[in-house]
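If you read the protein sequences in the order shown, they are chains A and B.
Oh and the first sequence: position 59 is 600 in this note's numbering, straight run, nothing missing.
Oh and the second sequence: position 8 is 549 in this note's numbering, straight run, nothing missing.
Worth flagging that the hints you see were computed from the coordinates, not collected in a lab.
Take these hints with a grain of salt, some might be off.
[Said to hold, decoys possible] Calculated lysine-lysine pairs in the BS3-like style (CA-CA distance at most 25 Å, straight line):
1. A:K593 with A:K558
2. B:K569 with B:K617
3. B:K559 with B:K593
4. B:K604 with B:K569
5. A:K617 with A:K593
6. A:K604 with B:K569
7. B:K593 with B:K604
8. B:K593 with A:K604
9. A:K593 with A:K559
10. A:K559 with A:K617
11. B:K604 with A:K566
12. B:K569 with B:K559
13. A:K593 with A:K569
14. A:K569 with B:K559
15. B:K566 with B:K593
16. B:K593 with B:K617
17. A:K617 with B:K604
18. A:K604 with B:K604
19. B:K593 with A:K558
20. B:K593 with A:K617
21. A:K593 with B:K558
22. B:K558 with A:K617
23. B:K559 with B:K604
[Stated by the list, open to error] A few chain B residues that face chain A, going by a derived Cβ cut-off under 8 Å, partial list only:
24. T547
25. K604
26. L607
27. Y609
28. Y623
29. N626
[Said to hold, decoys possible] A short, non-exhaustive set of chain B residues, derived as facing chain A with CB atoms under 8 Å:
30. D549
31. T553
32. G557
33. E597
34. P602
35. D605
36. R608
37. Y610
38. V620
39. E621
Virtual Cβ for every residue (Gly too), placed ideally from N, Cα, C.
Each chain, letter by letter, is given below.
2 protein chains.
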Amino acid sequence: MMVLITYDVNVTTDSGKKRLYRVAKQCKNFGQRVQNSVFECLVDPTQFTELKHRLESIVDPEKDSLRYYYLGSNWKRRVEHYGANEAYDPEGVLIIDANGK
Amino acid sequence: MMVLITYDVNVTTDSGKKRLYRVAKQCKNFGQRVQNSVFECLVDPTQFTELKHRLESIVDPEKDSLRYYYLGSNWKRRVEHYGANEAYDPEGVLIIDANGK
């Protein structure tokens with residue numbers, strides 16, 4: 542399933558900056574960064590439960606927020622991009638030339 | 542329809558900071574800020590066309606990006622929030638006490 546994760550982390554303190562770094566790191570493990578604080582994660586339910594658990598143990602719920610958007614299976618037709626850095630297709634075919642070309 | 546709008550604006554220059562301010566201002570006119578660069582906009586197709594046009598005339602497509610997520614009519618069950626500043630319900634009933642209490 543495709544889950545969009547957006548976050549706001551309060552970085553006015555050093556511990557805030559550390560939380561931001563850790564949140565981004567976890568999201569990178571499970572998905573594709575499409576904007577600075579926006580990740581698209583193509584995950585199965587078990588992976589998502591794990592990711593959610595990790596993120597919620599990192600953030601400070603008094604100061605930071607996480608939002609999850611469940612985009613469903615037809616997620617591609619729900620997304621439109623304009624401008625810099627269009628993201629790659631996480632379901633796209635990876636073509637590897639056996640001759641290394 | 543509910544459209545989620547996320548944006549990244551490159552603010553390394555003064556003109557970038559101006560673009561960021563203008564993008565946020567337009568989004569505020571049409572929707573609800575749920576995170577720093579994330580807006581949920583409950584708009585009809587005409588309003589959305591107008592908003593999209595305005596935003597795309599503000600950003601620098603070489604440096605900035607906009608993403609639109611069309612969440613459909615069942616958008617409420619697609620969204621989950623954790624942490625600070627849970628947003629208000631844009632379709633909720635506004636109760637005004639006639640006595641100003």
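Here is what the structure says about each hint:
1. A:K593 with A:K558: Since the Cα atoms of K593 (chain A) and K558 (chain A) sit roughly 20 Å apart, the hinted pair holds (cutoff 25 Å).
2. B:K569 with B:K617: holds, 20 Å
3. B:K559 with B:K593: The hint holds at about 18 Å.
4. B:K604 with B:K569: Given that 25 Å is the threshold and the Cα spacing comes to 22 Å, the pair holds.
5. A:K617 with A:K593: holds, 22 Å
6. A:K604 with B:K569: holds, 22 Å
7. B:K593 with B:K604: holds, 17 Å
8. B:K593 with A:K604: Given pair K593 (chain B), K604 (chain A) is violated - Cα atoms ~31 Å apart, limit 25 Å.
9. A:K593 with A:K559: holds, 18 Å
10. A:K559 with A:K617: violated, 33 Å
11. B:K604 with A:K566: With a Cα-Cα distance of about 24 Å, the restraint between K604 (chain B) and K566 (chain A) holds, given a limit of 25 Å.
12. B:K569 with B:K559: holds, 15 Å
13. A:K593 with A:K569: Given pair K593 (chain A), K569 (chain A) holds - Cα atoms ~13 Å apart, limit 25 Å.
14. A:K569 with B:K559: Measuring from Cα to Cα gives roughly 30 Å; hence the hint is violated.
15. B:K566 with B:K593: holds, 13 Å
16. B:K593 with B:K617: Holds, at about 22 Å.
17. A:K617 with B:K604: holds, 24 Å
18. A:K604 with B:K604: Cα-Cα ~29 Å, so violated.
19. B:K593 with A:K558: violated, 33 Å
20. B:K593 with A:K617: Cα-Cα ~19 Å, so holds.
21. A:K593 with B:K558: Since the Cα atoms of K593 (chain A) and K558 (chain B) sit roughly 33 Å apart, the hinted pair is violated (cutoff 25 Å).
22. B:K558 with A:K617: With Cα atoms ~31 Å apart, K558 (chain B) and K617 (chain A) exceed 25 Å; violated.
23. B:K559 with B:K604: Since the Cα atoms of K559 (chain B) and K604 (chain B) sit roughly 13 Å apart, the hinted pair holds (cutoff 25 Å).
24. T547: At 5 Å from the nearest chain A Cβ, T547 (chain B) passes the 8 Å test, so the hint holds.
25. K604: Where the cut-off is 8 Å and the nearest Cβ of chain A is about 6 Å from K604 (chain B), the hint holds.
26. L607: OK, holds: L607 (chain B) within 8 Å of chain A, min 4 Å.
27. Y609: holds, 4 Å
28. Y623: At about 4 Å, which falls below the 8 Å cut-off, the nearest Cβ of chain A leaves the hint on Y623 (chain B) intact, so it holds.
29. N626: At 6 Å from the nearest chain A Cβ, N626 (chain B) passes the 8 Å test, so the hint holds.
30. D549: holds, 4 Å
31. T553: violated, 13 Å
32. G557: violated, 12 Å
33. E597: holds, 6 Å
34. P602: holds, 4 Å
35. D605: Holds - the Cβ of D605 (chain B) comes within 8 Å of chain A, reaching about 5 Å at its closest.
36. R608: Result: holds, 5 Å to nearest chain A Cβ.
37. Y610: Since the shortest Cβ distance to chain A is 6 Å, the answer is holds.
38. V620: Holds. Min distance 6 Å.
39. E621: holds, 4 Å
Hint check: violations occur at hints 8, 10, 14, 18, 19, 21, 22, 31, 32; the rest are consistent with the structure.
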